[in-house]
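Enquirer: Residues per chain are reported as follows:
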Amino acid sequence: MAHHELNTPVTEAQVRELHAGDTVTLQSTLFGIRDATQIHMFDRGRTTRFDLRGHAVIHTAPNVRRVTASPEFPAGYAPVCIGTTTSDRMERFTWPLMQQYGVRMIVGKGGLRADSLEAFAKLGGVYLAIVGGTAALESTWIEQIEDVDLDDLNPESLWKFRIRDFGPLLVAMDSHGNSLYEDVRHDVQERRTRVLAGLGVRTA
Amino acid sequence: MKIDLKAIEDTARELYIRALKVLPPDIKQGFDQLVRNESVPRAQGVLRTMMTNIEVAERTDNLLCQDTGVPIYNLRIGSGVEVDGHALKAAIRRGCERATREYPLRSSVVHPLTRRNEHTSCGIEVPVIHIDFVETTDFLDIEMIPKGSGSENNSFLKMAIPAEGIDAIKTFVVDCVVAAGGKTCPPTIVGVGLGGTSDLCVALAKRAATRPLGTRCDDPDGALLEDELSQAVNQLGVGPQGLGGDSTAFAVHIELAATHITMNPIAVNMQCHSARRARASFTPTGIHYGF
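Quick note, the sequences are listed as chains A and B, same order.
Per our numbering: the first sequence ends with 204, consecutive numbering throughout.
Per our numbering: the second sequence ends with 291, consecutive numbering throughout.
Watch out, some of these pointers could steer you wrong.
One side of the interface only, derived from the structure: several residues of chain A facing chain B at Cβ under 10 Å [unchecked claim]:
1) Arg65
2) Ala129
3) Gly133
4) Thr140
5) Gln144
6) Glu156
No lab work stands behind these hints: they were computed from the structure.
Bear in mind the structure is a predicted one, so any value in this text is a computation, not a measurement.
Backbone N, C-alpha and C fix where the C-beta goes; we use that ideal spot for every residue, glycine too.
Go ahead and model the full structure; you've got the sequences and the hints to work with.
Expert: Structure representation (structure tokens):
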């Protein structure tokens with residue numbers, strides 16, 4: 001259960017050092033990505049000018065305020081409240097995100113499935129769990145909205161955040177085939193039978 | 001009592017922002033109780049982060065969660081209230097729109113086919129506005145609920161049959177909680193609707209999911225089943241954020257209605273741990289804000 005301080009972008013070797021149960025704090029850059037962003041990138045042939053190789057993406061669509069572009073707000077946006085959405089809806093984008101764009105870390109809540117776990121093992125990636133619904137706290141880890149691409153999809157644009165002490169995040173799925181969500185799912189399935197019996201349910 | 005529509009509009013605006021920032025005291029107490037009883041260290045940590053977030057949101061005057069949800073306004077109108085119902089709904093909508101534009105809030109509302117976002121949190125039939133009537137004379141009450149999508153995406157309806165009995169209800173509720181896993185941002189309030197028609201059943205589940213913690217089903221049999229299921233779902237081990245633990249749900253709430261002799265409808269709707277709601281009551285002494 002080690003703690004890792006990581007400056008993004010990271011190498012495959014750095015990601016492979018992370019094990020389920022470890023914690024991570026990210027520094028420097030984090031990209032925000034969401035349903036519509038990825039539907040447009042992978043189903044509709046749109047591309048981004050951002051170099052995502054070795055980077056971390058977070059499943060988000062932030063609350064922002066439009067402001068005049070300045071050194072403080074280079075993208076013309078001030079962050080208001082930035083949090084994390086449920087990752088499961090974006091399961092099918094893990095492979096293309098890693099294969100086509102070289103993303104190494106996905107930050108989200110609620111976990112991803114077996115296909116993503118396989119992608120993490122084959123290509124060298126991890127899923128970092130944040131506590132969902134804690135956006136006020138998360139917003140304090142974001143220093144600036146540095147840049148934005150595909151902004152016609154706002155709020156589901158591709159966001160580039162400058163971050164500081166972003167975490168601790170929990171390594172919930174690693175590149176060695178471990179998923180804390182899978183462990184919990186197995187346990188829950190076993191308990192389900194006992195719970196139903198306790199409720200007096202006659203099972204077929 | 002005459003109702004000033006401009007005051008309704010301003011209040012609808014204010015309620016949306018308030019609901020997004022401050023959790024009701026019953027939910028805060030719910031956290032205190034869960035963290036006291038949680039036996040898994042990782043789950044304890046997750047709960048404490050959620051509690052820290054509540055403090056940070058209040059201290060920094062920020063939104064609790066980035067999901068501004070689908071805006072829902074529940075109105076109760078007393079018998080002595082004079083108001084143009086159509087204009088009342090329009091005023092609520094304007095308030096919702098203004099909160100989004102003026103604060104500004106992320107508009108999370110899109111057209112279901114074109115996915116076009118008007119950036120107003122409004123669209124066809126949204127905000128959702130429910131109107132009910134009460135006996136109290138000089139009284140109008142607006143409850144605002146921003147319903148987050150993580151929990152709303154895990155909504156379920158089963159038209160069970162009478163021969164499947166209460167076993168079907170218990171199994172369905174347990175299986176919905178299992179299927180939802182961490183996707184609903186647990187600990188949740190598991191809202192269960194029983195009986196009615198399919199549409200009423202789903203509406204009852206939403207009402208149950210958004211009921212304050214500590215309240216019980218009016219029907220005594222429903223209340224007993226609430227207790228039984230509240231204990232049961234917290235033995236499943238889903239835990240906060242689906243990462244394991246005892247704190248899967250604050251409670252299971254049930255709302256029920258009479259149904260057909262051939263029917264046994266069951267609906268489940270969940271409310272995430274950021275169980276946000278805000279309330280304003282219009283009385284002869286003024287507008288009173290609360291939860």
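Enquirer: Run every hint past the structure and note whether it holds.
Expert: Do the hints match the structure? See the list:
1. Arg65: 6 Å, holds
2. Ala129: 7 Å, holds
3. Gly133: 4 Å, holds
4. Thr140: 7 Å, holds
5. Gln144: Not OK, violated: Gln144/A not within 10 Å of chain B, min 16 Å.
6. Glu156: The hint holds - Glu156/A has a Cβ within 10 Å of chain B, the shortest such distance being about 9 Å.
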